[in-house]
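If you want the building blocks of each chain, they are given just below.
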Amino acid sequence: MVFQVSKINTAIKESLLTFDREKLIEATKKGLDEGHDPHDLLDVVTSSLREIGDKFENGEFFLAELINAGEIAKTIISEYLEPSLKKSGSERKVIGHIVIGTVAGDIHDIGKSIVASMLSMAGFEVIDLGVDVSPDKFVEAVKEHSPEVIGLSALLTTTLPIQRETIKALEENKLRGQVKVIVGGSPVTEDWVKEIGADGYGEDAIEAVKIVKRILDISE
Amino acid sequence: MIESPKIGIFEYFSKDELYRIHAATLEVLEKIGVKIEEENALRLLDSIGSDVEFSKRIVKIPQHVVEEAIKKSSHSVLFAGRSKEFDLKLEGKKINFGLGEGAINILDCETNSIRPSTKNDVANASKLADALPTIDFVMPLFTAQDVAKQVMPLHNLHAALKNTVKPVMVVDFGLDANYLIKMASTIVGEEQKLKERPLLGMYSEPISPLTHGKDHIKNLMTFANAELPIVYIPSAASCSTAPATMAGAIVQSNAETLSGNVIAQFTKKGAKFIYGADTSVMDQRTGVFSYGAPEWMIVNLAMAQLGRYYNLPTWSTGGCSDSKILDGQATLEAALSLFIAASSGANLIHDVGSFLNFGLTGSLELVTICDEIISMISYVLNGIEVNDETLALDVIAKVGPGGHFITQKHTLDFLRKEHWMPTLLNRQMRESWVKSGSKDLLERAREKTKNILSSHLPNPLPSDVKKELDDVLKKSEKEILNA
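Protein sequence lines correspond, in order, to chains P and V. For the first sequence, the residue numbers in our numbering are 7 to 226. For the second sequence, the residue numbers in our numbering are 29 to 511.
For reference, chain P alone in the conformation it holds in the complex:
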């Protein structure tokens, strides 16, 4: 039995490290069919992702590989492991909830999606509102999901001011006190963050995860 557990664990880890979606699905299904605790399988997924993150930081893995690993892990978690946890009356522990989106007037998707993917890999539940998201929509999402953090992305210098407007809308709806705001996008600077009263920004997706953990006081 011990041997069997390690075999499934190895298969999950290997398929994540080789970005093989089919193999990962097969290994996870087999693990669940054989009656392994979904919590244990989830632990393997999480620790493998951490290893992939380390390999990215030391230059061994490339960015697209990191994101792919995160994406296929997300599929496994939402389609297999979470339903299995729910069946047994338990649920996945997440380290926080984040609502994220690209602000109104801006349809640049990729930077925000990479940050969302990294956050989800790090163990956050991420609600991605997509692009061209108005301040009102952000307000609605905060009411609905009660996230600890919302992330506002803007690539264009001309859409940066919408980050300020979104923060204002949160204040007007008396929601600002219950949620931290991170902002992102190429033109964002430390000065801009201060000027609009946001809580932080990261220079890149890796930094963004660190910033979120820091403002929520979650240890690395």
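Just so you know, these hints were derived from the structure itself, not from any lab. In this text, all values refer to a predicted model and were calculated from it rather than measured experimentally. From the three backbone atoms N, C-alpha and C, an ideal C-beta is built for every residue, glycine too. Please note: incorrect hints may appear among the correct ones.
Stated by the list, open to error - Pulled a few chain V residues facing chain P out of the computed Cβ check, cut under 10 Å:
no., residue
1, T439
2, L440
3, H447
Stated by the list, open to error - Label-pair ranges, simulated between beta-carbon atoms:
no., chain 1, residue 1, chain 2, residue 2, range
4, P, H151, V, P429, 37 to 47 Å
5, V, L452, P, P193, 42 to 52 Å
6, V, V423, P, P193, 22 to 32 Å
7, V, Q456, P, E20, 23 to 33 Å
8, P, K92, V, K478, 17 to 27 Å
9, V, P429, P, K92, 32 to 42 Å
10, P, E66, V, M404, 13 to 23 Å
11, P, E20, V, V423, 18 to 28 Å
12, V, L452, P, E150, 44 to 54 Å
13, V, V423, P, T81, 40 to 50 Å
14, P, K180, V, M404, 29 to 39 Å
15, V, S32, P, E20, 44 to 54 Å
16, P, P193, V, A272, 16 to 26 Å
With the hints as your guide, set chain V onto chain P.
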């Protein structure tokens, strides 16, 4: 190494211009002639129908002799490594890179000061070249200034042979080349075997304008008989030892190297002659022979094209500079000269990372930087595949307008094999770069060089070979110093 560049190689001259340069060269050799300071070579050229004026040592070489020599030449030359996997075949448009030799100083990048180079520096340069993936052949970069001058070339070769498995090329410096051959023979067991495994090449020069020195011609003939690669090319300076016009300087350089080939091929049919010119310009403000001049780049393009016209393996220059320190000028001149030399399609491109300060100074860190430059150039010149899979219509359709390619299998399949990754150039965002120490290119090159020198172990020579090599050095040294 660029095995077969996919992109079009730079053809500098039109066919008509190329032919006029060739015709002018033949006229120089037939009507003006060259001076040869070596008696045996004069007699040899006399015997094959050249017009030799023995009292003045002037030889006028008829067109048919020059062209016959070109026909006799080896059109493909094996330049062997100690290990077969490092063998180079000099032919067609195969492009290889290596260091130079001749610096008497080493640049200390930390203090921007120079000190005389030692045999240990030669060993380090060879070791670094052995480790760097883009360096295909090894010249010792420095000269050992801590040994007797008469035997310095032997010590350079001794240190190089011990520290690399790649093909080794050395400058003769006028020393009897038989000593060099004897040393290299120890690696393969006996001199005869060097013909099968020619792991030593020699670089020697005529003296511009149009003069062949005694010792250099002797060595040229020695290497021709030994069937080892010979680079015999002029270092003329336009405006001083060559005409002010680049076309004229090229004609003269061509006459100098081609007359060297006549001597080589009639000494031994099929001599492993490598053709080219290290011709540059005398700077009109300082009088120096410039190492970063665009005039030299023109010569590189011209000689590679002429070499292909003659079907001879070619020699070229890149990765060097006129700067006094390892700065923006040094990396700019190194990068541009390397790119021009590579896009000329020359077979051996030397002087990588060396010859700061007009050839007197060498820098290991510049060698390391040039490794990155060559890696980039090779990536570009190797070209890209254009086929159904790489045209990517399927994945473009799959993603469609909007969306992204990051999570496509096509991306995962290709991102590693399709793209170039820097090992020295920095692409971090500013904050991360500041956090990791705000290191500039020089500092990173210094770290990488230090790491290689402290961690790379060149494949050692077997102990009996090492002993034999040491013995030959000692014996030769005694002979030369007692003579």
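Status of the hints after comparison with the structure:
1. Contact between T439 (chain V) and chain P, as hinted, is supported at the beta carbon level, the nearest pair being about 5 Å apart and thus within 10 Å.
2. Proximity of L440 (chain V) to chain P holds as hinted, the smallest CB-CB distance being about 6 Å (cut-off 10 Å).
3. For H447 (chain V), the interface hint holds, the least distance from its beta-carbon to any beta-carbon of chain P being 9 Å, beneath 10 Å.
4. Between H151 (chain P) and P429 (chain V) the Cβ separation comes to about 29 Å, which falls outside the hinted range of 37 to 47 Å.
5. Taking 42 to 52 Å as the suggested C-beta distance range, the pair L452 (chain V) and P193 (chain P) does not conform, at roughly 29 Å.
6. V423 (chain V) and P193 (chain P) have their C-beta atoms about 30 Å apart, which keeps the hinted 22 to 32 Å range intact.
7. At about 31 Å, the CB distance of Q456 (chain V) to E20 (chain P) agrees with the hint of 23 to 33 Å.
8. At roughly 56 Å, the beta carbons of K92 (chain P) and K478 (chain V) sit outside the given window of 17 to 27 Å.
9. For the pair P429 (chain V) and K92 (chain P), the supplied restraint of 32 to 42 Å holds, since their beta-carbon distance comes to about 37 Å.
10. Our hint of 13 to 23 Å for E66 (chain P) and M404 (chain V) holds, since their Cβ atoms are close to 21 Å apart.
11. Separated by about 25 Å at the C-beta atoms, E20 (chain P) and V423 (chain V) satisfy the suggested range of 18 to 28 Å.
12. Taking 44 to 54 Å as the suggested C-beta distance range, the pair L452 (chain V) and E150 (chain P) conforms, at roughly 50 Å.
13. A C-beta distance of roughly 19 Å is found between V423 (chain V) and T81 (chain P), which places it outside the suggested range of 40 to 50 Å.
14. Checked against the given bound of 29 to 39 Å, the beta carbons of K180 (chain P) and M404 (chain V), roughly 56 Å apart, lie outside it.
15. Checked against the hint of 44 to 54 Å, the pair S32 (chain V) and E20 (chain P) fails, with Cβ atoms roughly 37 Å apart.
16. Between P193 (chain P) and A272 (chain V) the Cβ separation comes to about 54 Å, which falls outside the hinted range of 16 to 26 Å.
Hint compliance for this structure: hints 4, 5, 8, 13, 14, 15, 16 are broken, all remaining hints hold.
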